[in-house]
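Q: This is what each chain is made of:
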Amino acid sequence: MKIYLPNSAFLGNIDSFLKNMDFSDPTQLKITANKKWISIHPVVLCMIVALGLNLKPENIKCEKLEAKSKHYLQRMGLFKLLNLKTDTTIIEHESAGRFIPLTRITNSRELTTFITDIIPLLHLDPEQADSIKYVVSELVRNVLEHSESERGAIVSAQYYHKSNTIRLGIVDGGVGIKKTISYAHPVKTSLEAIQLALTPGITGTTQMIGGTEYNAGAGLFFIKSIAQVNREFLMIYSGNAMYKLLKSKLGLKQTTLHGDPFQDRHSKGEDYPLWKGTAVGVDISLGKTKEFSVLLDLIRDAYIKTITERKKEKYRPRFI
Amino acid sequence: MEIKIVGMVGTFAENKDLARDIRITKIIPTLEIDEEVILNFKGVEGATQSFIHALISDVIRRYGAKVLDKISFKECNENVRKIIGMVVEYMQES
Chain A
1 MKIYLPNSAF
11 LGNIDSFLKN
21 MDFSDPTQLK
31 ITANKKWISI
41 HPVVLCMIVA
51 LGLNLKPENI
61 KCEKLEAKSK
71 HYLQRMGLFK
81 LLNLKTDTTI
91 IEHESAGRFI
101 PLTRITNSRE
111 LTTFITDIIP
121 LLHLDPEQAD
131 SIKYVVSELV
141 RNVLEHSESE
151 RGAIVSAQYY
161 HKSNTIRLGI
171 VDGGVGIKKT
181 ISYAHPVKTS
191 LEAIQLALTP
201 GITGTTQMIG
211 GTEYNAGAGL
221 FFIKSIAQVN
231 REFLMIYSGN
241 AMYKLLKSKL
251 GLKQTTLHGD
261 PFQDRHSKGE
271 DYPLWKGTAV
281 GVDISLGKTK
291 EFSVLLDLIR
301 DAYIKTITER
311 KKEKYRPRFI
Chain B
1 MEIKIVGMVG
11 TFAENKDLAR
21 DIRITKIIPT
31 LEIDEEVILN
41 FKGVEGATQS
51 FIHALISDVI
61 RRYGAKVLDK
71 ISFKECNENV
81 RKIIGMVVEY
91 MQES
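The listed protein sequences correspond, in order, to chains A and B. Letter by letter, the first sequence follows residues 1 to 320 of the numbering used here. Letter by letter, the second sequence follows residues 1 to 94 of the numbering used here.
Chain A extracted, bound-state conformation (with noise of 0.2 Å):
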């Protein structure tokens, strides 16, 4: 495997970054970079992690970094997760208010300790936490109980001052969307998995409307609404495939949340290097999360009505 850091990998222009990774040999991975400046999205070295957790160290290459932010990949704790040996030093700051480094959870109670923690490390408002805390709880279940990931979630968080933004990344070497969702829905593609995946109402342990007393299905719906409702960018890469939100020029009273994610201004494709696995990214504007209460009437009234479009769908008079 090939990952190369190039100057600049953020979810508005990561498409040519996932093009580029080559997985032709899975047992080495040899990362290379950008001479003069990386600056990439937490999702990008998530990615790397869980491209690494599955190789001894001896089997990672990392050739060495000349470029002058080089220092962050380790500040990330990159190099630590990956157990590898850097001649990179860097003088430690004070990471609250930052970012939060790479973090591998495996269970529930981890979950829940790492959201505890990161809200004082990213010195969040209560109202600004509450977006950041919803999708990070939501997308990590997510792993833990669908991706049948034998490595968890590796997750990410970064705060980028000039936009006011924190941008996280979930990551897993699961099995892919297609996969869970094929359980209860027949999909062709990873593409169609993942528009089903977005569409409330819809999970992959049940086929019925309203989802099983464990999962409703509304969870990713909820996350891509938060984006939008934002003006923010979500990706989702799984398999082949990869969508995309794009920021939306509307304002938050013209904004339509749509049940169908292609009915979003949007990007997608599905002639990516496969991943074996899902790789969120998301960006959140703390500039506009004091509106999450007029997001939640917004999700409900789009939640609802898809819900009844479904249904009556699905039951239909029969005449014979």
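These aren't lab readings, by the way, just hints derived from the structure by calculation. Take these hints with a grain of salt, some might be off.
Residues from chain A that face chain B, not an exhaustive set, calculated with beta carbons under 7 Å [to be verified]:
id : residue
1  : E213
2  : A216
3  : A218
4  : S293
5  : L296
6  : R300
Quick reminder that beta carbons are idealized off the backbone N, C-alpha and C, glycines included.
Chain A is fixed; fit chain B onto it per the hints.
A: What follows is chain B alone, placed relative to chain A:
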């Protein structure tokens, strides 16, 4: 029976396993002996839809919406109240 949620799940109610435990060990047994349940959310700052779903959806599915006459939600903040309202509504729709 009054169930104080914060003491069991903390200030952010997101652990579905704990929600299921509360439902199975406290809510359903109380309803089975025809007593009322008060779910007290005092101190709970936020909750996920998944948590509330795991807490009450099966109760509504099992006993029907009329069971809501026997369940009260106490001291909920605005967001928790909205999430409970949403789960109750879609469980009646589905």
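Q: Looking back at the numbered hints, which does the structure fail to meet, lowest number first?
A: none
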